[in-house]
Structures are given as structure tokens and as C-alpha cells.
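S.K.: Take the given structure of chain A and dock chain B to it, following the hints.
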Amino acid sequence: QKEVEQNSGPLSVPEGAIASLNCTYSDRGSQSFFWYRQYSGKSPELIMSIYSNGDKEDGRFTAQLNKASQYVSLLIRDSQPSDSATYLCAVNPPGGKLIFGQGTELSVKP
Amino acid sequence: KAGVTQTPRYLIKTRGQQVTLSCSPISGHRSVSWYQQTPGQGLQFLFEYFSETQRNKGNFPGRFSGRQFSNSRSEMNVSTLELGDSALYLCASSLDGGTYGYTFGSGTRLTVV
Numbered sequence: 001q002k003e004v005e006q007n008s009g010p011l012s013v014p015e016g017a018i019a020s021l022n023c024t025y026s027d028r029g030s031q032s033f034f035w036y037r038q039y040s041g042k043s044p045e046l047i048m049s050i051y052s053n054g055d056k057e058d059g060r061f062t063a064q065l066n067k068a069s070q071y072v073s074l075l076i077r078d079s080q081p082s083d084s085a086t087y088l089c090a091v092n093p094p095g096g097k098l099i100f101g102q103g104t105e106l107s108v109k110p
Numbered sequence: 111k112a113g114v115t116q117t118p119r120y121l122i123k124t125r126g127q128q129v130t131l132s133c134s135p136i137s138g139h140r141s142v143s144w145y146q147q148t149p150g151q152g153l154q155f156l157f158e159y160f161s162e163t164q165r166n167k168g169n170f171p172g173r174f175s176g177r178q179f180s181n182s183r184s185e186m187n188v189s190t191l192e193l194g195d196s197a198l199y200l201c202a203s204s205l206d207g208g209t210y211g212y213t214f215g216s217g218t219r220l221t222v223v
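Protein chains in written order, with the numbering used here: chain A, 1 to 110; chain B, 111 to 223.
Among the clues, some could well be false.
With a Cα cut of at most 27 Å, we get these calculated DSSO-like pairs of lysine-lysine [said to hold, decoys possible]:
| id | chain 1 | residue 1 | chain 2 | residue 2 |
| --- | --- | --- | --- | --- |
| 1 | B | K167 | B | K123 |
| 2 | B | K167 | A | K67 |
| 3 | A | K42 | B | K167 |
| 4 | B | K167 | A | K2 |
| 5 | A | K67 | A | K2 |
Rather than coming from a laboratory, the hints here were simulated on the basis of the structure.
Owing to the predicted nature of the structure, the values given are computational and were not obtained by experimental measurement.
Just chain A, with the same shape it has in the complex (with noise of 0.2 Å):
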């Protein structure tokens, strides 16, 4: 089992809807969690962070996390082409170091 697993995608929604973005982790004892977006050619950019069950909502962002499930989610409300990205989620397990997803390409088409 990968240590976080993600959708890989790509997954397609049209202009104003809603992207939903799903991640799995299997370190129980991590504590910290991220979204990071990737676009075509250049380094990852960080998003969001989450460290406490619940819902974390910034700007058309919400990052969702169920520590009991080890499930991360990512909402991007009213999507907009600029989005287009790959999306990473990444898990600070005990000890000092981030682990990543594969990434789930997104693509919203105007």
C-alpha cells in the first residue's frame, strides 16, 4: 500500500462547477496535511494545510479531513480554467518529512 494514495485522474468539470479531489493516508500518526498545485513546468505551490478534523475553508478552497478515515479532500468551488493543474496532497508523518501523492490532474474546460 502507497503511503498516500490519490486519484490520478485526469478529471474533467466544466467552468463554475465544483472539483472534488480525494486523498488517502496510511501513517495514523501524521499529523499535518496539505494541497499543493502543480502547474505544467513549474514547482509545487502550497494551498492549503490542515491539521484538525473538520472542514478548512479559504477563499473557493476547502480542504476536509477525517483523521478516523485517513481521508483528505480538496473542494475548489466555482471552478475556473486557470485551475487547470495537478493537484497534490502531501502527509508530514512522525519524524521530520513530506510524503506526496501521485496527483490528480485537473482540468476545467470553459
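M.R.: Same frame as chain A, but now just chain B:
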């Protein structure tokens, strides 16, 4: 506030050669991590340094090594290059090793021919 700086941006090397990549973290950040990114494998963790000590190491052969200097700058070395080492190498810095996330540099694109 300057970001994470990686040099060089691009490198072309021949099989069997060695290469050294450099990373300067954000001022005040003491943790530097290195990742290899390829289309097939995604972001693979290489190692993490904190205050000049290697704290974590990924599942890469001993040809991959690194170090961190007292000013937190870090270097990564790959010896006896193989074609499969062609990848984007990303450096990321953080205050404490990932609790609050990493900030990535622009990466070094290494091509081995």
C-alpha cells in the same frame, strides 16, 4: 523575502559522470528536503537535512548523497549518473521539517544522455 533558490536550472550530463546541485533555503529556514520528480513516479523523497544533520532518507541508492552547511544551504550530489536519473530535482525548505509545509524552489532539470 527571497524564496528558495536552486542552481543551476538546467543540466545535461553524460552517463557515468557526477553532478552537484545547489539549494539556498528561505532565510531562517533550517530544514531542507530534496525530491526527485519524474512523470512515472511523481514526487519521490530523497532526503531531509535539519541544522546540518541528515534526519530522513528515502529509498534511493547510495549514489545519491547530500549535505547541509552551517548557513542552511544544501547541496545534492549524484555520482555515476544513469539514464534513469533524468528528472526534475526539487529542493524545499521549511522552518522545522514539514509541520507547516514546505516551500519549493524552481527545480533543476537534469538530463542524462
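S.K.: So, for every hint listed, does it hold in this structure?
M.R.: Cross-check of the supplied hints:
| no. | hint | verdict |
| --- | --- | --- |
| 1 | B/K167 x B/K123 | 25 Å, holds |
| 2 | B/K167 x A/K67 | 26 Å, holds |
| 3 | A/K42 x B/K167 | 25 Å, holds |
| 4 | B/K167 x A/K2 | 17 Å, holds |
| 5 | A/K67 x A/K2 | 17 Å, holds |
Comparing the model with each earlier hint shows no violations; every hint is respected.
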